[in-house]
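> Sequence:
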Amino acid sequence: MNPLESYIHNSEMRCAELERAISVFDFNNGTQAQYQKLNTEYQKLKRIMDAWNELQKSKSDLQGNDELLAETTDEEFREVIKSDIQELKDRIHALEGEIKTLILPTHPNEGKNVIVEIRPAAGGEEAALFAAELYRMYMRYCETQGWHTETVEYSDTDLGGLKSCSFTVAGEGAWTNLRFESGVHRVQRVPVTETQGRIHTSTVTVAVMAEATPVEFELNPEELRIDVFRASGHGGQCVNTTDSAVRVTHIPTGMFVASQQEKSQHRNKEIAMTILRSRLLEIKQREEDEKNAGERKSQVGTGDRSEKIRTYNFPQNRVTDHRFEITLYDLNNIMQGNLGNLLNQIRTLDAERRFNDMLMQA
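All residue numbers for the sequence shown refer to numbering that gives the first Met the number 0, where the first residue is 0 and numbers rise by one.
Simulated from the structure, these hints should not be mistaken for lab results.
There could be a bad hint or two in this list.
Okay, derived cross-link-like pairs now, DSSO-like style, lysine-lysine, Cα gap no bigger than 30 Å in a straight line [unchecked claim]: (1) 36 - 111; (2) 268 - 111; (3) 43 - 111; (4) 162 - 283; (5) 81 - 111; (6) 268 - 43; (7) 283 - 36; (8) 268 - 36; (9) 56 - 45; (10) 36 - 58; (11) 307 - 162; (12) 88 - 58; (13) 56 - 81; (14) 111 - 58; (15) 45 - 88; (16) 43 - 88; (17) 58 - 45; (18) 56 - 88; (19) 43 - 58; (20) 268 - 283; (21) 162 - 111; (22) 56 - 43; (23) 162 - 56; (24) 307 - 111.
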């Protein structure tokens with residue numbers, strides 16, 4: 000029995016124990032919190048067992064189709080069988096990744112909403128234009144997932160590029176999927192501003208942070224400096240006549256966040272505080288990860304915004320994720336917000352690597 004089968008065997012017995020404990024739970028002598036703890040563990044193990052059973056059925060079906068293919072001489076029927084075999088192989092691969100993901104310890108940010116920040120880096124106006132395209136790509140992807148988005152800051156250039164933006168994403172699976180987007184995104188193409196047809200390389204940074212609540216990260220008012228100023232719009236013109244824009248500076252780190260998207264000073268302060276809190280929580284979590292050598296070793300990408308994670312090559316219609324060595328010739332479709340295939344592959348490979356590391360350390 001390999002380590003995974005041994006884990007499944009133990010999970011099956013534990014699942015049965017929990018089911019019995021839940022069915023006879025005495026609320027007169029136990030608390031709601033105790034019951035919830037039992038039920039949460041049971042639900043997680045139940046999802047693992049359901050996926051495992053489906054995996055075994057898919058493997059059995061695959062074996063049956065392989066045997067049928069070997070016995071069949073009708074070419075038309077053989078093509079149908081081959082198609083079913085490929086679907087089963089894809090399903091098996093997906094289920095194996097899902098099981099490993101469920102077994103891995105839950106990250107503290109799991110289930111949280113996120114804040115996404117996009118900034119052009121190297122490449123001038125071309126970087127700004129691509130930053131705007133990434134913003135639209137993420138917005139379309141969030142829409143397909145049924146997530147709620149709110150743009151809290153957006154500043155554009157004269158040519159329609161993006162100087163900077165921040166937006167929130169709320170919905171189930173938002174952090175789980177979008178966390179892989181943190182880092183440097185590189186684009187290779189002929190810019191609209193290029194007159195000689197040369198391919199340019201530009202970069203854009205994306206930061207994805209779990210939205211921190213005041214309980215998770217408390218900001219000490221004595222460590223904050225809050226400045227108000229008059230908001231300005233495109234080209235520097237004032238967008239209102241009151242000092243509604245707010246800049247919040249965290250004095251110990253020198254980090255600051257400015258917000259002028261809303262007309263309300265109170266709302267701008269709330270936005271700035273939320274983003275600042277989330278940035279500081281991200282730094283705290285990264286420092287904690289670095290103290291744990293095993294966890295640090297298991298990370299494929301650090302999530303640091305200085306790390307080049309992906310290249311978008313327009314002449315070749317190619318997207319390459321450098322952390323996971325994934326290459327898809329589907330750039331146009333991906334830029335329309337169809338990120339599902341890419342992110343599913345990334346999640347599966349990430350789970351496999353972390354799962355293997357966990358078994359080696361066990």
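> Run every hint past the structure and note whether it holds.
Results of checking the hints against the structure:
1. 36 - 111: Roughly 20 Å separates the two Cα atoms, so the pair holds.
2. 268 - 111: Holds, at roughly 22 Å.
3. 43 - 111: 18 Å, holds
4. 162 - 283: 27 Å, holds
5. 81 - 111: Answer violated: residue 81 to residue 111 is near 41 Å, above 30 Å.
6. 268 - 43: 39 Å, violated
7. 283 - 36: The given pair, whose Cα atoms are some 27 Å apart, holds under the 30 Å limit.
8. 268 - 36: 37 Å, violated
9. 56 - 45: The hint holds at about 17 Å.
10. 36 - 58: Outside the cut-off at roughly 33 Å; violated.
11. 307 - 162: 20 Å, holds
12. 88 - 58: The given pair, whose Cα atoms are some 8 Å apart, holds under the 30 Å limit.
13. 56 - 81: 18 Å, holds
14. 111 - 58: 35 Å, violated
15. 45 - 88: This hinted pair holds, its Cα atoms lying about 23 Å apart.
16. 43 - 88: 25 Å, holds
17. 58 - 45: Cα-Cα ~20 Å, so holds.
18. 56 - 88: Answer holds: residue 56 to residue 88 is near 12 Å, not above 30 Å.
19. 43 - 58: Holds, because 23 Å separates the two Cα atoms, which is no more than 30 Å.
20. 268 - 283: The given pair, whose Cα atoms are some 22 Å apart, holds under the 30 Å limit.
21. 162 - 111: 27 Å, holds
22. 56 - 43: Given pair residue 56, residue 43 holds - Cα atoms ~20 Å apart, limit 30 Å.
23. 162 - 56: Since the Cα atoms of residue 162 and residue 56 sit roughly 52 Å apart, the hinted pair is violated (cutoff 30 Å).
24. 307 - 111: 25 Å, holds
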